[in-house]
Structures are given as structure tokens and as C-alpha cells.
Amino acid sequence: MTTFKTIGKSEPRRDLPEKLTGEAKYTADVQLPGMLFGKILRSPHPHARILSINVDAARNLPGVRAVVTPFDAPKGQVAPDMPILDTEARYVGDEVAAVAADDEDLAEAALSLIEVKYEQLPFVTDAVEAIKPDAPQTRPGGNLVGGKPLTLIRGSVEEGFAQADRIFEETYSTPAHAGAALEPRAAVASWDGDNLTVWKSTRGVHADQLALSLALDVPRGNIRVMGQNMGAGYGTKDETRLGAITAVLAQRAGRPVKIELTRQEEFVAGRHRHGTTTTVRMGVKNDGTVTAVHATTIMDTGAYLSSGPGVIRRAGQGALYLYRCANVQYDGYLTYTNTPSGGSYRALGAPQGHFALESLADTISEALGIDSLEFRLKNHVGLEGQPGERVTPANEVLDTQPVEGGVPFSSNGLRECLQIGSEAIDWGQPSEQPESGNLRRGKGMGMFIYRGGAGGRSIARMRLESDGSLRLLTGLMDVGEGSLTVMPQIAAEELGVGYDQVLVTFGDSETTPEAPLTAGSTATFSTGTATKEAARQLKARIIEVVAPLLDTEPSNLQITDDGVEHIQYPERSVSFAQIAESAGEIEVEAAISPGSRDHVINSFGAHFAEVEVDTDTGQVRVLRYIAAHDSGRILNPKLAINQVEGGVSQMLGFTLSEQMLTDPRNGVTLNASFLEHKSPTLQDFPKMQVLFADVVDPVGPFGAKALGEPPSIGVAPAVANAIYNAIGVRIRDLPLTPDRVLNEIEAQRGDSQ
Amino acid sequence: MAQLPISYSASITLNVNGTDHQIEVDHRWTLLRVLRDVLGLTGAKRGCDRGECGACTVLVDGDPVCSCSMLALQVGGRQVRTVEGLGDANSLNVLQEAFLAEDGGQCGFCTPGFIMSATALLESNTDPTEDEIKAALVGNICRCNAYGRIIESVKAAAKSEAS
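So the sequence lines, in the order shown, correspond to chains V and D.
Residue numbers are given in the numbering used here: position 452 of the first sequence equals residue 452, and the series is strictly consecutive.
Residue numbers are given in the numbering used here: position 37 of the second sequence equals residue 37, and the series is strictly consecutive.
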């Protein structure tokens, strides 16, 4: 049994004290001398050509210092399908022009003085409509991204269905919903000659630096991006247009500019979870063996591509990997519409795909007379991975998830999750029913798989500073998940010192080395691996430097909280301050492209819910929730539990109440507020238990795997299956709002009569 | 042709965290704007500007209010308390210590609002039930949904106040 100094301990969140006192600075809190306030004019039309813009009156308003329109903006692209400003507006809320003025009220007034002549164009707001041949075209290349679906195949579904005794097929839909991070996006830009400094809500300062460099045609070295505290994003704040517009305004005004989006703008022009329609077809033998899985997803990427190509791929992950099966296929249709863009919202497409897959799994197990849990235990993918042959060359890091079989997982605790979760909710015991006839209770479950591991190249720097302190530097951003806490835990453990002794500098493109986005649940794995390696090197260097000072061999020395000591003669020791004094600052840097050539690295889990449905009102209440996860070794239990509980509760919103509504007649977002896009509150927070499988991953740093996104995947199927168990009504469209539940009760009772 | 509204300003005495400030305020300015932009107290956050999220919660004469939905003119002569008045990172108060120990936050943007709502609760009810905690904090949204840990934090604070 390995004993650790800090790994596995609930060290307090490093950045929480200053957040509790209001001292923590977020981007909107940045104040610079002479700073102006910027505002963005947005399109009132879902699709229109901008013929002309008259900004004379706005420019003449005293206190207005800069204006930018598509006709005079720099020509750079902020994304492959998005210039800084465009002469074509593609959804209601698309950026059209921007102003900077002495204060916010003036900027707002200036916007109302801008006259825009639009030529309205045909538009489409629904993805299923958009891929029909006669649909209005959102762009010259057509609505279907790439002109064809993304198709991923292992084996042959035709063969698989031929082996089946029975074939089941159902279609499910999930709406777009907003991440609605409580911090609306903000950016501040300031120029000093040719040098630009940008403060923004971000989860990747180096990615932003590169994107701004390309957009503005300014050398990367002249741009500094400084991440502030990030008021979360869940993946929905990756965009460059806001920062680029702010920078252009600041350059024109010759003064710093800040733009803070309003809550309404965040809803209307933010990045949402992609709406989907998914059809899953599964073939099974009468004994429950799965012989084929074929999933087809139509996904709405909105007006811009954004992260759509990655998200459409992830929506197929469950169908391709969750059930042991040699014959599977996924077809993903990613479609432009004239609605707000989708983004990389927590777990990308996995929650949408798993909702369909795990709901259908319950339909199948019921039809076959097999218990839902037994069906999963019989068919879930095991440690050996999928059957079939490896196609990926054996010497290649399995960075993107391979589709073929023949590659084992590095670790797989799915079965343990199913076991511990089902025990915790007394799976075999039917729910106790209340006396009142209109309240019905039931239990449901869903299991899941998520690729999260390797991530991009990451560099960590570690220093023994001149005053004897130890410091980790990385460009990583903590977006609320806790890497500011977990990274020093990793560094301290590897060095052999206490957690508090490792200081951290994060998120500054100038002073910290490159790290990938805090995205895809990869931070612990990728930057954690780099951090561990940097700490190992620093330890070796320090000992090497100290050996001659203590007149011994490095192998006789060890690091302690206080410095370095002789293993046999601990009285022979030097403090970190003394080492720094005699040897000067010591710095090492480790660059890692993490991953494995031999394994697929995935996280797993199983969720169990008990709900109560009021058949008079349609109200669904979650009484009990069990979330069982395999995320490898848990490096900080308290933070991990918070992460899982938060992910579950957030997705209870997706499951029960949240939905972005677009008026199909005019493309207008109808519910751009927290009152109408209804977020869970602590009144909705169910009794919840978080369980972790006892897994130590052989590849991840200290045995850890991905944790950030997986909690969001199992929620919708677990709750929908529990509703079915309670009232015998299968609802295939999210969210499961009271009116929808009531309508389905009525409709499905009607069907059966 | 849009025009700026005619602005009217007045001088008010704003007592914030025990200190009087003589401030010339535009009649349109909210309390949140004065706290953040005039006094530089950025602990109260601008999350929605319409009283839906609670990130801007401060106490006025002891009651939690959304400072985004109250005009500065309404607060002249009254006692305002903000998160900055409770302690700093090196000397957290009992409630803040409990939030740290129980991990009662994630991204932290909603945190000052929760701290102020919980402060008001514990000053009027030293031993709240879980339902009372939920009722008192229901106006504060945490989109990270760290609700489980927030509830535990408030419970722990009440317990340690009592001991």
C-alpha cells in the first residue's frame, strides 16, 4: 500500500479564500486608467446581408471614441468560418458592429444611433429541416457540414443485425441548452505601441494568444493574454471574436477598452450545448447478447462551426464503445442553422448520445424480460476493450479514440461502478410507493464511457526560487474544476514536500509555459503528467546540487519539507533557502505529449436515480441519486465529490428544465434569462451519494483519469428510466418538463387504450 | 433618433461596511454600479442585472438585497454591508472558514453572493434547518451547482458558531 503525503487528501481549494472575501479578480473587475466601455450591435435578423452601415451619428456623439464595422474591420478570421466582423449576419444576435465610449450608457446610446441596411435572406432554425434538400441555405456550401455525415464503423452492422433475434429502434431528441456560466464573458484590451495585452474569460491563454495573433495579424510574441479568475464556462466560452473586437476598438481609441456581455447577450450570443436528434438501432439475441449497434445523430451546430466537429464525434462514443459488440456504426450529421452556435459544453455530445442509447437499453431489457442492471452487466465493455482488430499502427499514441477493436483500456472500473451503485440504491428493491395515488416512485439507471485522458502537449516549469520557495508555473487555467489545487498536490508529492510549500503561477501567456485548454477533462492527465515530470527533474537537480555541499553521493540524500537531508545522518541537512543561496535559482521544464500507444484511456461510471412523479401536475422530483465513477485514483476527494455533485445537478437542469427556445418565424431567442431558462437551485438539489471505484490507472499521474465531464453523462438516462419505472411512460424528448410529462402520460395512455 | 436620458444627480451619504462615503450619484445608477465602479468594491458581481441570480447580493440594514436592482439613491443614509467587510483571505470569519473546509464553491463567481445571503440567515437564525438554509439561499444561483457543498458549509458554520 503506497502512502502519500498529499495525494488522496482533501487539501483545501487553493483559490477559495480570496473568492470567499471578494478579493479574487475576474475579467470584469479589471480597471485600467482611461479605460473605455465597449458595446456590440447585434443582428435583429436570423440571416441577412449587411448592405451598408451609417455610423456618423454614433461617431459624433460626444464621448464616443471608436467604432468598428464589417466594412472597416481588419480582415482576419477568428475561426475558419468567422471573420472579426462579417457583412453577413447568420443568427439573431450575431455581431454586426461595435463602439467604445467613455461609459456604458454612452456606448449603449451610440449603438442606437447606428443605421444598418439589411437585405434579409432565407433562414432555417431547425437542424432536421436544414438537411432536407429544399431547405433554405445558410451558406454557399450547404447546411450539412462537409457535405456528408461523419461515419465511424467497426465490423459490419448488416452482419450484426443478421445475427440478431430481435431488432429495436427508437429516436430521441435533446434541445440546445445554455451553459450560462454565472460570469458573463468579458474582455479587456490595452495597447502599448505594437504590444497588445488582453485580459479575458478564458480556459486557455496560449490558444487565445495564437488565435488573436492570426485574427489581428500581430506577431504572437507581441500579444500577452492574462487569464483572470474564470467565472466558469463548462466549455462554452471558447471564442475569439469578443477579444478581437475589444482589441480593435482599443487600438482605434488609443485607450484600453472593456466589454462585458450582459446576461441577455450571454444567452442570445453564447455557445450552447448542441441540440440533437438521435436514432439508435440495436440488434440483440434472445438471451440479451448485443449483436449490433447503429446510431445516427443529427446535430445543430448553429450559425458557426465552433467546436461542432469534435462534438458530433463524441455523440457517437457511447454507441461505438459502451457495449461489447463487434459490429457497430455511427453516422453523425452536423448541420448549420440560423441559431446561436453550439460549443464544447461539458462532455460535448456524450450526454446526448448516451440519453438515446441508455434509454433504448432499458426498452430492450424490458422487452426481453431481463433486468436493466443484468443487461448492462452482461454486455458492458470490459478491460480488454472491443473485439476486432487494431488498425491504428501500434507505435502511434492513441490520442483520438480509435474506432477499431483490439485495443485494451488502461483500466476499466465500469463493472465495479455498476455493482457499488446498484447496491447503494438497493436496486433489487422496488421503490416504496406513497399512499397518495397521484405520486408514483421509481428507480432508473444509466452507464457511460468517456474518453478523457491524454489531451494536448503540455509544458510545466518548476523552480527553486532565490528565496528558497518552490514554484510551479504552467499556462493552465483553473476554471473552477480545481487544477490550481491538484497540480501543486502532484508537484508536492513527487518532490516529497508539503502541499502548501508548492506555490503556483497559472494562466499568463508571457510568464507561464504552454498548456492546452482546460478542456475535455484532460488537465489532470496532461498538465498533471508534465507537472509530475518537472517535479521529478527538479528533485533530481536539487539533490545533485546538494550532494557536493554535504560531501556525499546523491543516492544518500532525500528531500524533506525543510530541504535536503542525508538519509542515514539526518543532522546533515540544508534548507531550501540555503540551497538557493549557494546554488542560485534552479529551474527545470518538462514538455509532455501524454497518452498511450498500448491503451485506450477512458473514464467510466454508472448513475442511479430514484424519482417521484406527480401524475396530476407532471412534476418530477429526484429523491435520491447515486453517482458511481471510475476516474482512476482520486487525487483530492472533497474536490472530486464537489465536481461530481455539481455535474449531476447541472445536468438535472438539462434533463428537467433547461432549453433554449427559438421562434421559428423570426429566429428570435425567446427565453434569454434565468427565469425562463430555468437553472436548478439548491431547492432542487437531491439527496446524493458519490462513489468512486477502487481503480488506479497505470498510465495517469498517480493513477488518475478524467473526472470533470463524466458526471454530466449519466443523468438524463438515469432520470428518464426512473420515470418510466415509476409511471410506465417513456419520454424521448428532453427536457422532462411538467407539461411534457403530463402530455406524454395522456398520449401514451391513449395509445394503450 | 435616440438621445441620452437627461441625467439627474444627487449627493448621498452611503455607509458601506461602517464607513461613510459622500457620493454624487446619477439617478440611474444602481447600488451595484456604485459599489463596483465608484468605490472599487468588486466582490459583488454582475451576473444578470435583473435580480435573477443573486451574484450581486449585499446587505442593506441587515437584509440581503440584489444590489443590481436597487438604485443607489434608495440607499442613502442606510447601512450597506458587502463581502469586503467580512474579513480578508488571511483572516477568514467563521462562515468563510466553513466554506473553505467544506469546499463550498467552484469557480467562485457566485460565492460572495452566497456568503452575504448566508450571513443574513445566520444573523437571524443561529441554528437553521436544511430547509431553512435552502429557503434563505434559493435566490442565489450557482451554475457549477456546488449546492451540496454550499449547504454543508452553512450547516458547518452554524455548528461552529454554536460551539
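Keep in mind that a hint or two might mislead.
[As the list claims (entries may be wrong)] Derived pair list, reagent style DSS-like, types lysine-lysine, alpha-carbon separation capped at 25 Å:
hint	chain 1	residue 1	chain 2	residue 2
1	D	Lys159	V	Lys148
2	D	Lys155	V	Lys9
3	D	Lys159	V	Lys285
4	D	Lys155	D	Lys134
5	V	Lys378	V	Lys285
6	D	Lys134	D	Lys159
7	V	Lys9	V	Lys678
8	V	Lys117	D	Lys159
9	V	Lys75	V	Lys117
10	V	Lys687	D	Lys159
11	V	Lys5	V	Lys638
12	V	Lys9	D	Lys159
13	D	Lys159	V	Lys638
14	D	Lys155	V	Lys638
15	V	Lys687	V	Lys638
16	D	Lys159	V	Lys678
17	V	Lys148	V	Lys132
Don't read these hints as lab results, they were simulated from the structure.
Legend entry - Holds or violated: lysine 134 (chain D) to lysine 159 (chain D), with C-alpha atoms at most 25 Å apart: holds (16 Å)
Legend entry - Hint consistency between lysine 9 (chain V) and lysine 159 (chain D) [alpha-carbon to alpha-carbon, up to 25 Å]: holds (24 Å)
Legend entry - Restraint check for lysine 159 (chain D) with lysine 678 (chain V), where alpha carbons must lie at most 25 Å apart: It is violated: about 32 Å lies between the C-alpha atoms, which goes past 25 Å.
Inset, instruction - Sort out whether lysine 678 (chain V) lies within 25 Å of lysine 9 (chain V), counting only the CA atoms. - result: violated (36 Å)
Inset, instruction - Take a quick look at whether lysine 159 (chain D) and lysine 148 (chain V) sit within 25 Å of each other, Cα to Cα. - result: violated (61 Å)
Legend entry - Pairwise hint evaluation, lysine 9 (chain V) against lysine 155 (chain D), where the allowed Cα distance is 25 Å at most: holds (22 Å)
Legend entry - Restraint status (C-alpha distance of lysine 155 (chain D) to lysine 638 (chain V) at most 25 Å): The given pair, whose Cα atoms are some 16 Å apart, holds under the 25 Å limit.
Inset, instruction - Quickly compare the C-alpha distance for lysine 148 (chain V) and lysine 132 (chain V) to 25 Å and report which way the hint goes. - result: holds (13 Å)
Inset, instruction - Compare the distance between the alpha carbons of lysine 687 (chain V) and lysine 638 (chain V) with 25 Å, and conclude whether the hinted pair is satisfied. - result: Roughly 17 Å separates the two Cα atoms, so the pair holds.
Inset, instruction - Please work out if lysine 159 (chain D) and lysine 638 (chain V) have their alpha carbons no farther apart than 25 Å. - result: holds (20 Å)
Legend entry - Proposed proximity, lysine 638 (chain V) with lysine 5 (chain V) (alpha carbon, max 25 Å): holds (16 Å)
Inset, instruction - Take the C-alpha atoms of lysine 378 (chain V) and lysine 285 (chain V), compute the straight-line distance between them, and say whether it is at most 25 Å. - result: Holds, at roughly 12 Å.
Going through the hint list in order, the structure does not satisfy hints 1, 3, 7, 8, 16.
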